[in-house]
Amino acid sequence: MTDITMELVKKKKGKALKKNIKNSMGEYIIEKFIFILGITSIAIIALIFLFLFRSGIQLFNDITLQEFLFGRYWFPISVNPQYGILPLVAGTLMVTLGAVFISVPLGIGSAIFIAEVAPPKTKTVLKVIIEFLSAIPSVVLGFLGIVFLSSWIRVTFHLSSGFTVLTGSILVSFMALPTIISISDDALNALPQEYHEASFALGATKWETILHVLVPAASSGIIAAVMLGVGRAIGETMTVMMVTGNAAQIPNSFLVSGRTMTATIAAEMGDTVRNGTHYHALFAVGIVLFLMTSIINFIADFALSHGKKEAR
Amino acid sequence: MNKKIEEGVVFSILSFITMIVVIPTLLIIGYILLKGIGTINWEFLTAMPRQGMRAGGIYPAIIGTLYLVIGTILFALPLGVGSGIYLTEYAKQGMLSRIIRLAILNLAGVPSVVYGLFGLGLFVLFLGFGSSILAGSLTLACLILPIVITASEEALKSVPISYREASLALGASKWQTIQNVVLPHAMPGILTGAILGIGRAAGETAPILLTVAAFFLPRLPKSLFDQVMALPYHLYIISTQVPNMPEEIKYGTALVLLGIVGLFYMIATSIRIKFKISNRA
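Protein chains in written order, with UniProt numbering: chain F, 1 to 312; chain Z, 1 to 281.
Fair warning: there could be bad hints in the mix.
Below, a list of computed lysine-lysine pairs in the DSS-like style, where the Cα atoms sit at most 27 angstroms apart [what the hints assert, rightly or not]:
1) Lys157/Z to Lys274/Z
2) Lys121/F to Lys206/F
3) Lys35/Z to Lys250/Z
4) Lys174/Z to Lys32/F
5) Lys127/F to Lys274/Z
6) Lys206/F to Lys3/Z
7) Lys157/Z to Lys174/Z
8) Lys121/F to Lys35/Z
9) Lys127/F to Lys157/Z
10) Lys32/F to Lys157/Z
11) Lys274/Z to Lys121/F
12) Lys92/Z to Lys32/F
Quick caveat, the hints were computed from the structure, so don't treat them as lab data.
Could you build all of it, start to finish, from the sequences and the hints given here?
Written as structure tokens, this is what we have:
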């Protein structure tokens with residue numbers, strides 16, 4: 001080889017090396033950037049917690065933790081204001097309990113029908129309709145609750161007002177149903193085909209197979225579905241605010257007015273003085289709400305990952 | 001024989017239960033369509049509200065929702081797709097990716113009104129954006145982020161490993177592979193997620209109640225820092241706060257809102273169906 005060609009080869013190699021370094025620098029920067037995007041969810045959760053806490057904690061400059069957690073009266077704008085969260089927690093739990101009573105049997109039953117009984121074409125149509133149910137904005141359901149359901153409940157149960165906990169429960173159950181149905185349906189569909197075959201081979205009917213093999217095998221997924229549905233019901237805001245009447249009392253039946261934590265925050269935030277006691281109290285209610293839904297989500301996640309391990 | 005009868009009875013009950021869920025859903029949609037369609041005309045869609053919202057149109061609310069939705073997706077799409085890429089292409093299975101997944105699940109379960117409180121605390125007050133399109137869009141973007149991330153992740157996962165291997169074997173770098181091979185194939189799935197997220201954002205009321213929405217503002221916004229009216233909040237106002245509101249305006253507003261949200265869902269569903277068909281072929 002002559003010196004000139006050697007020189008040329010060297011030059012080429014140098015260029016390629018430079019290009020490589022430039023490329024790997026680019027790759028490095030992109031990788032770091034993607035990493036930052038990847039951890040945004042953690043950052044947002046942390047920020048939510050931080051900003052709820054930052055304002056909520058200041059409530060306890062004015063009242064004690066006991067007064068807040070165990071106070072039986074929520075009178076934020078009276079002359080002698082009281083910030084007891086109990087009636088709000090009771091309202092939320094009553095609405096959620098009613099919604100669970102309605103949506104769990106309906107949801108699991110529908111999921112079994114869709115996953116195991118319905119013919120394929122019906123299945124697709126049903127799935128599209130149920131997905132659409134999840135798309136209906138909560139404010140539209142609340143609106144129909146006002147014009148329709150509340151008067152039906154008032155007449156049926158001979159009440160003076162149709163704005164009751166039950167009205168909220170019925171509407172909220174419809175918001176929780178798509179979650180319960182789709183996750184239970186997924187859990188049933190994830191089961192291996194051998195489960196069906198083995199059970200049929202032993203002479204079991206389709207219903208016996210569903211009852212004794214499939215539902216038990218999918219139970220952790222179904223539990224997760226119910227928990228996520230409960231989380232949905234606790235967090236629902238607009239519908240309950242529009243139809244439960246919003247009396248801040250501890251409801252003694254499903255046929256009286258009640259007020260949830262979510263509705264309290266949404267309805268009262270506009271009237272508060274920034275950084276006043278009432279403002280801080282609503283953030284404190286937000287902390288309680290956030291903690292409740294987080295715990296429920298952890299349980300759901302635990303059930304799901306537990307189920308996956310079992311399936312292996 | 002007895003078993004057969006039992007099974008028949010049980011399956012009838014199950015189909016009845018399913019009908020209890022499905023029929024009210026169809027009735028809700030049909031009823032709003034029937035009662036609202038008479039109100040929808042050009043004036044209703046493009047005029048300012050008059051006489052304390054009791055007459056005229058809902059133009060500013062439609063435009064407000066449109067701006068909010070555009071702002072939301074501008075923030076949520078890059079963040080969501082980026083997170084999805086990190087989780088499927090870069091993250092190692094371990095503690096960190098487990099925590100990220102838990103965070104996403106948790107974000108999906110945070111009540112919308114808590115997002116409102118968060119947006120009020122961080123964007124409106126702490127960062128000083130005020131009650132504005134910017135604050136509202138950022139809040140809604142956080143709310144739909146889990147939807148976009150989950151959809152992106154699913155879509156990216158469904159691209160076969162062999163595509164990546166072929167690209168890498170041709171000498172493409174990891175990012176070139178993601179950019180030119182993986183992302184284009186995952187696009188339909190990512191789009192579906194984004195559109196579902198938009199539909200969700202368009203229908204949410206509680207977060208915008210605390211961060212952007214104006215009760216009555218019969219003019220269009222001039223900047224990102226302006227307040228706007230928005231359809232869901234407008235429906236809430238006219239069905240609870242304004243006395244003597246004509247019925248047809250309420251139903252008309254409900255129909256426009258349901259129509260916009262429904263449109264996004266239909267687009268997403270048809271992409272999904274088309275995608276599945278092309279997948280099979």
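With a cut-off of 27 angstroms on the C-alpha distance, tell me whether Lys121/F and Lys35/Z pass. Roughly 31 angstroms between the alpha carbons, so the hint for Lys121/F and Lys35/Z is violated.
Taken at face value, is the distance from the CA of Lys250/Z to the CA of Lys35/Z at most 27 angstroms? Cα-Cα ~10 angstroms, so holds.
For the pair supplied as a hint, Lys127/F and Lys274/Z, is the alpha-carbon distance within the 27 angstroms limit? Cα-Cα ~16 angstroms, so holds.
If you draw a straight line from the CA of Lys127/F to the CA of Lys157/Z, is it 27 angstroms or shorter? holds (23 angstroms)
Is Lys174/Z close enough to Lys32/F, meaning Cα to Cα at most 27 angstroms? Given that 27 angstroms is the threshold and the Cα spacing comes to 13 angstroms, the pair holds.
Can you confirm whether the C-alpha distance between Lys32/F and Lys157/Z stays at or below 27 angstroms? holds (21 angstroms)
Would the pair Lys274/Z and Lys121/F pass a check requiring their Cα atoms to be no farther apart than 27 angstroms? holds (16 angstroms)
Could you grab the alpha-carbon distance between Lys157/Z and Lys274/Z and see if it respects the 27 angstroms cut-off? holds (19 angstroms)
Please verify whether Lys121/F and Lys206/F have alpha carbons no more than 27 angstroms apart. Given that 27 angstroms is the threshold and the Cα spacing comes to 19 angstroms, the pair holds.
Is Lys157/Z close enough to Lys174/Z, meaning Cα to Cα at most 27 angstroms? Holds. Lys157/Z to Lys174/Z sits at ~16 angstroms (cutoff 27 angstroms).
Does Lys3/Z lie within 27 angstroms of Lys206/F when you go C-alpha to C-alpha? Answer holds: Lys206/F to Lys3/Z is near 10 angstroms, not above 27 angstroms.
27 angstroms limit on alpha-carbon distance, applied to hinted pair Lys92/Z and Lys32/F: Cα-Cα ~14 angstroms, so holds.
Figure legend: structure checked against the earlier numbered hints; the only hint not met is number 8.
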